[in-house]
Structures are given as C-alpha cells and as structure tokens.
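Visitor: Sequence:
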Amino acid sequence: MDVKLAAKYPFLKGASAYLRETGVDLNKLTTSVAYERARFMGKERVMEALENGMIEDHPMASEVDANNELLSYPVARMIVSAVTDQMLVTRYAIAEAKKADKHLRGEEFTFIKSVAEELGLNVSVDEDTISVDFTDFLRFSAAMRSKDWKLINQRLQDGRVIVTKQRLVRLIQQMLTEKISSELPLAVNDDIMNAFSQDITVISKIMEEKRAEFKARSMGKVSIIRFPPCMKKLLTMIQSGENVPHTGRFALVSFLHTLGMNSDEVLETFSSAPDFDESKSRYQIQHITGEISGTEYTPPECSTMKSYGICFDPDSLCKRDWMTHPLTYYRSKGKRFKPPSRK
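Residue numbers (the working numbering): 1 to 343.
Keep in mind that a hint or two might mislead.
[Stated by the list, open to error] Derived EDC-like pairs (lysine to aspartate or glutamate); straight-line CA-CA distance at most 16 Å:
| hint | residue 1 | residue 2 |
| --- | --- | --- |
| 1 | K280 | D264 |
| 2 | K43 | E21 |
| 3 | K43 | D264 |
| 4 | K179 | E117 |
| 5 | K210 | E21 |
| 6 | K280 | E291 |
| 7 | K165 | D199 |
| 8 | K221 | D277 |
| 9 | K98 | E48 |
| 10 | K179 | D199 |
| 11 | K165 | E183 |
| 12 | K232 | E242 |
| 13 | K179 | D136 |
| 14 | K147 | E44 |
| 15 | K98 | E51 |
| 16 | K43 | E56 |
| 17 | K4 | E48 |
| 18 | K113 | D126 |
| 19 | K221 | E265 |
| 20 | K13 | E118 |
| 21 | K221 | E209 |
| 22 | K28 | D128 |
| 23 | K150 | D126 |
| 24 | K28 | D136 |
| 25 | K13 | E183 |
| 26 | K98 | D57 |
| 27 | K233 | D136 |
| 28 | K28 | E44 |
| 29 | K179 | E265 |
| 30 | K210 | E268 |
| 31 | K13 | E36 |
| 32 | K210 | D85 |
| 33 | K165 | D191 |
| 34 | K4 | D65 |
| 35 | K319 | E301 |
| 36 | K113 | D136 |
| 37 | K4 | D85 |
| 38 | K179 | D57 |
| 39 | K205 | D85 |
| 40 | K113 | D133 |
Rather than coming from a laboratory, the hints here were simulated on the basis of the structure.
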C-alpha cells in the first residue's frame, strides 16, 4: 500500500504495515519535532469531528504531506482516548467513518469489496449482482432509519441481501463507526497525557460547554428535570450519536409532542446529534406527530417500554405500583411526587 492510499484509509491493516515498513517510531510521535505537523493535524482531526461532525481532507501534494495525514490518525486516537469522554468517542468515530465513506464512493468496486471483507463483511459477486450475508445486513443496517433499508423492502436470494455499490459503501461506513467506537478509548500513559495536556484541556472544556448548552437549551414549557430516566437516556443517546432503535425514537418524539412541543421544536432538540440528517429526521418526526400520517401517536406505557428494551435505569419513583406511564412520571414530578388519587 502506498502512502497516499494509507493516508486515505488509515484504519486498514495495509496502513499499519506501511508504518512498520517505513520505520516510523510511534513512540516518538508525541515528542519529536519531526512529527510536530502530524500532531497539529491530529488535534485538528479531533476538533473538526467535535465541532463539524466531518473531518476535512488535506492536500497531499508530496509524500511528506501524505505521511503527516496518515500519522494524524494515531495522534487523533491518542487525544480522543486521553479525554475519556464517550460522547467524543462517538462523534469522532462517526466523523472518521463519514470521511472514509466519501473516499470509498470514488473507488473501484474491487477495492471497496476488499475493504468490506477486511472489516468482516461477507460480500459476494455473481455477474453484476452484489450481495451480503443476511445477518450482516440486519446488524449493520439497524442504524439506517429510512424505510428503504428495512428488510421487507430488500431483494433476498439464498439467504443473502442484494445491494448496490453505494449501499455496500454505506454498510462499510456503519461497520467502521462501530469498529472505531469499540477500539476507543485506548490505554494512554503519562507521556501521552503530558504531550497533549493543553489539547486535552481545550477539548474537555468544549465538551463541558456542549453539555451545559444542552442542559440550558430551551424546550419551551417542557422541563427536562421532570423527564423519567428512560426519556433522559434516550435523549442523551440521540444527542451523543449512539444508535437508538426506531422504538426509542418513536417513544421520545411522541413523548415530547404530547408534552406540547411541535415538530420544529423536536427537530431542534435532535439537531446536535453528530449523525443528524434534517430531512430524514423531519419526515420521521412529522409522521409521528400526525402532520404526514394524520394520526398523532401517544408515547408507549411503561410495560411496552420494558418489552422494547428501552426502560433504562428505573428510579424509586418508577418503582411505585401506580407508575405505569412516562407521562405519569413527568406529571407526578411536577406535583412534587404526589401519587395519583385512588378514588
């Protein structure tokens, strides 16, 4: 693998092999003047992921440029690991996967197939037909929320799902998001902490500001502190970019709408998510709120939340025998925990 290809796809085994073959000393990456540019680019890689949800490409006019681009990847992973913040890990993983997705869409199919297989996706080609294993499709398409990704809308053949080149790349993006998220944070020693101490401080402060902004964000008359644990968790997961099942999104949107938030206000609440897609989110929200479907859906009761696996961290109020619905929790909080009348 040449250096420019390694720089475009630094997560591949070939990129690691390139670094070994060229004798790059990763132990000196944190201190040597020779790697100062790579360290700067690594910090920028993290900042772009955090602030913009995308990591920009840099010109690779020379081998030196390409080397710095490649080395910025392990630097970024060190910094993300040193900050020890799961929200940052998620944002960074999504941004790296989006960067790879953009590059892969311009590659020949044979290369795309090799990347998919290295990441563990079983890809088969029969003449002009591309297919992936049924179980792989289910696992990695779970995060795709548009109807055309649902299994019922797929073409199946001998236990495999037929996909296009573009859809294969999208599956790779999701696989890469999960791969990077699972690998981080790395174990970091004192040398790494000291080398990036200023960067860690700056990024940690930005993360604190983002959390404070979220807590202070106006939701009209809706009070976040009165939310039941399940709804707090779902909201945090969405805004952190974690994979939330359709049932969880439905529950949260219908809950917020029932409390009086309109579609635009709900959309604004979701907008800080690193994988936010305004058009798709707006459609889904308007369907649940009845603007498209004509039916205003109500949030599921506690027993349904439990059956869906989205009843998170129940507290003492949740355990009261009369607590059967998230809306009951919210209203009870507003009444200082007075239980409903049993008359």
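Visitor: Given the hinted pair K179 and D136, is their Cα-Cα distance within 16 Å?
Guide: Satisfied, since the Cα-Cα distance of roughly 14 Å is no more than 16 Å.
Visitor: Would you mind confirming whether the straight-line C-alpha gap from K280 to D264 stays at or under 16 Å?
Guide: Status holds; Cα separation ~13 Å.
Visitor: K165 and D199: Cα distance at most 16 Å?
Guide: The hint is violated at about 39 Å.
Visitor: Decide if the proposed pair is consistent with the structure: K43 and E21, CA atoms, cutoff 16 Å inclusive.
Guide: violated, 25 Å
Visitor: Quickly compare the C-alpha distance for K221 and E209 to 16 Å and report which way the hint goes.
Guide: Since the Cα atoms of K221 and E209 sit roughly 23 Å apart, the hinted pair is violated (cutoff 16 Å).
Visitor: Given the hinted pair K221 and E265, is their alpha-carbon gap at most 16 Å?
Guide: Judged against 16 Å, a Cα distance of about 11 Å means the pair holds.
Visitor: Below or equal to 16 Å on CA atoms is what counts here, so check K4 against E48.
Guide: violated, 21 Å
Visitor: K233 and D136: Cα distance at most 16 Å?
Guide: violated, 27 Å
Visitor: Does K4 pair with D65 here, judged by a C-alpha cut-off of 16 Å?
Guide: holds, 9 Å
Visitor: Run the distance test for K280 versus E291: straight-line Cα separation, threshold 16 Å.
Guide: holds, 14 Å
Visitor: Check whether the Cα positions of K210 and D85 lie no farther apart than 16 Å.
Guide: holds, 12 Å
Visitor: Compare the distance between the alpha carbons of K13 and E183 with 16 Å, and conclude whether the hinted pair is satisfied.
Guide: The given pair, whose Cα atoms are some 14 Å apart, holds under the 16 Å limit.
Comparing the model with each earlier hint shows violations of hints 2, 3, 5, 7, 8, 10, 11, 14, 17, 21, 22, 23, 24, 27, 28, 29, 31, 33, 37, 38; every other hint is respected.
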